[in-house]
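Quick note on the working numbering: the sequence shown kicks off at 41 and runs consecutively.
Careful, some of the hints might be misleading.
[To be verified] Straight-line alpha carbon distances no greater than 20 angstroms define the calculated PhoX-like cross-link-like pairs of lysine-lysine that follow:
| id | residue 1 | residue 2 |
| --- | --- | --- |
| 1 | K73 | K109 |
| 2 | K73 | K91 |
| 3 | K64 | K109 |
| 4 | K141 | K98 |
| 5 | K109 | K98 |
| 6 | K98 | K64 |
| 7 | K117 | K141 |
Hints were generated in silico from the structure; no laboratory data involved.
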Amino acid sequence: MENNLNPAHCPAMDTIALIGGRWKVVILHVLSKHARRFGEISVRVPSISRKVLTEQLKELEADGLISRKQYNELPRKVEYALTEYGESLCPLLAYIAAWTKESVHTRLN
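Could you put the whole structure together from the sequences, leaning on the hints where they help?
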């Protein structure tokens, strides 16, 4: 029996869809060392609008990559942090970053 693979559905495509978008990898990187408040993330990613940052955070939370913790205090305090699932992506993202640097260096020479 022939093994018919659907190239549109492979595990790597699922991962790319999960972290796809212009800002998700950047946000994950910002959260990779510490939990951060919205304003802290915004300062570290100055090119992103507040609206888009809010949307991306909601998507990352819905996908289980980050958690959102709201404190009962005034002024309102909300922190975002990587979940264990999100942390499991960090080595992969570091590998992709290293591969990209090497690839660019190789292509330029």
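Here's how the hints hold up against the structure:
1. K73 with K109: Holds: K73 and K109 sit about 16 angstroms apart, inside 20 angstroms.
2. K73 with K91: Between K73 and K91 the Cα gap is close to 24 angstroms, so the pair fails against 20 angstroms, i.e. violated.
3. K64 with K109: holds (19 angstroms)
4. K141 with K98: violated (30 angstroms)
5. K109 with K98: holds (13 angstroms)
6. K98 with K64: holds (11 angstroms)
7. K117 with K141: violated (37 angstroms)
Of the numbered hints stated above, those contradicted by the structure are hints 2, 4 and 7, listed in ascending order.
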